[in-house]
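Trainee: Letter by letter, the chains look like this.
2 protein chains.
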Amino acid sequence: MDSHIFPVDLDKASRLINHGPTVLVSARHAGVDNVMTAAWVCALDFEPPKLTVVLDKSSKTREMIEKSGAFVIQVPTVAQLQLVNTVGTLTLATEPDKLKKSGVELFGIKGHDLPFVAGCSAWLACKLIPEPHNQLIYDLFIGEVVGAWADVRVFSDGRWHFEDADSSLRSLHHVAGGNFYAIGEPLTAQD
Amino acid sequence: MDSHIFPVDLDKASRLINHGPTVLVSARHAGVDNVMTAAWVCALDFEPPKLTVVLDKSSKTREMIEKSGAFVIQVPTVAQLQLVNTVGTLTLATEPDKLKKSGVELFGIKGHDLPFVAGCSAWLACKLIPEPHNQLIYDLFIGEVVGAWADVRVFSDGRWHFEDADSSLRSLHHVAGGNFYAIGEPLTAQD
Numbered sequence: 001m002d003s004h005i006f007p008v009d010l011d012k013a014s015r016l017i018n019h020g021p022t023v024l025v026s027a028r029h030a031g032v033d034n035v036m037t038a039a040w041v042c043a044l045d046f047e048p049p050k051l052t053v054v055l056d057k058s059s060k061t062r063e064m065i066e067k068s069g070a071f072v073i074q075v076p077t078v079a080q081l082q083l084v085n086t087v088g089t090l091t092l093a094t095e096p097d098k099l100k101k102s103g104v105e106l107f108g109i110k111g112h113d114l115p116f117v118a119g120c121s122a123w124l125a126c127k128l129i130p131e132p133h134n135q136l137i138y139d140l141f142i143g144e145v146v147g148a149w150a151d152v153r154v155f156s157d158g159r160w161h162f163e164d165a166d167s168s169l170r171s172l173h174h175v176a177g178g179n180f181y182a183i184g185e186p187l188t189a190q191d
Numbered sequence: 001m002d003s004h005i006f007p008v009d010l011d012k013a014s015r016l017i018n019h020g021p022t023v024l025v026s027a028r029h030a031g032v033d034n035v036m037t038a039a040w041v042c043a044l045d046f047e048p049p050k051l052t053v054v055l056d057k058s059s060k061t062r063e064m065i066e067k068s069g070a071f072v073i074q075v076p077t078v079a080q081l082q083l084v085n086t087v088g089t090l091t092l093a094t095e096p097d098k099l100k101k102s103g104v105e106l107f108g109i110k111g112h113d114l115p116f117v118a119g120c121s122a123w124l125a126c127k128l129i130p131e132p133h134n135q136l137i138y139d140l141f142i143g144e145v146v147g148a149w150a151d152v153r154v155f156s157d158g159r160w161h162f163e164d165a166d167s168s169l170r171s172l173h174h175v176a177g178g179n180f181y182a183i184g185e186p187l188t189a190q191d
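Those sequence lines, one after another, are chains A and B. Residue numbering for the first sequence follows this note's numbering, starting at 1 and increasing by one per position. Residue numbering for the second sequence follows this note's numbering, starting at 1 and increasing by one per position.
Warning: the hint list may mix true and false statements.
Repeated chains share a single entry, so a pair holds when one copy, or any two copies, can fit it.
[Said to hold, decoys possible] Heads up, simulated DSSO-like pairs for lysine-lysine below, C-alpha to C-alpha not over 30 Å straight-line:
#, residue 1, residue 2
1, Lys98, Lys67
2, Lys12, Lys100
3, Lys127, Lys12
4, Lys60, Lys100
5, Lys127, Lys57
In case anyone wonders, no lab produced these hints; they're calculated from the structure.
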């Protein structure tokens, strides 16, 4: 595990996705790992932390999550722009070497039998909360966050520090096709 | 209605929130209008367009949406930083003049009996899809988008143009407390 990666308190986990980044969703089932891109992910609760993610019925990762009951949501960086776009375009169903082609490197975190994508800025290990009606009708999945980690070069003391970190560590915010925005400058409202 | 505001095709409505902005949620019931801030909003479907929004049980706006079955999700701008923070802090339950204190100006759009917040960059008129289990257990509300509009100075031809518009029109992305990030620079992946 990269020496920059440190655990994040679970009561601060929602902050990792509060600013609306596009994420990578990864899962493991029956000895196979997969990763997909998702813009439609959202925090749902603080304590215990939960989140929602929309997973299309055509997605192989969805099928694996339904079977394994677990997944990782990770926040990719500007440096991973091409990887994020490729992982969001190829499907494991027709491209068995999708991860290799996309340049995805995986690593493990002790206590979690899940594939974590290297080079991201934050990771949330999730346990699926089965809600068959939401999954079937809306493609909407709910996860409880059971572990959270971040790259301390850009997230520490419970908050992002994009403005002080290298700009390659900024989060990506998907628009459409291959088009994204990076997160920008900090603003603070007066009390 | 401001001369910069034009309708957005419903099949492009999800793009208004795809990049994860913090939004304002507004509702009208029994002659009362209210507005709240929400970071936990997310696209859910393209056709018909749907979205999810998390509304805490303590929120007066939630109660109004449950009764009226309709609400507006709008994307505020950097110029509205202070308004967004104030609207997210005060509650109508104890502050009857919350909107006045926050500097909120409302306008109407023909065919929709809903309060729209002036000065935002995009508006999505939504019809509540009642899902009592989600609402009760998760504070999770699903809306179908029945009308969408944007300020053409920053969203046109079905996409955002933050990089070409005045920086005061950029979207806000909430972190915690009074802290936000503005959306940043565009990035395009290669095919």
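Trainee: If a hint holds in the structure, say so; if it does not, say that too.
Mentor: Status of each hint after checking the structure:
Taking the shortest alpha-carbon separations for Lys98 and Lys67, only the intra-copy value of 20 Å comes in at or below 30 Å, while the best inter-copy value is 48 Å. With identical chains, the CA atoms of Lys12 and Lys100 are never at most 30 Å apart, being 33 Å at best within one copy and 33 Å at best between copies. Taking identical chains as interchangeable, the C-alpha atoms of Lys127 and Lys12 lie at most 30 Å apart only when both belong to the same chain, with a minimum of 17 Å there against 32 Å between chains. In this assembly of identical chains, Lys60 and Lys100 lie within 30 Å of each other by CA distance solely inside one copy; the values are 16 Å within and 50 Å between copies.
In this assembly of identical chains, the alpha carbons of Lys127 and Lys57 lie at most 30 Å apart whether taken from the same copy (19 Å) or from different copies (25 Å).
Hint compliance for this structure: hint 2 is the single one not met.
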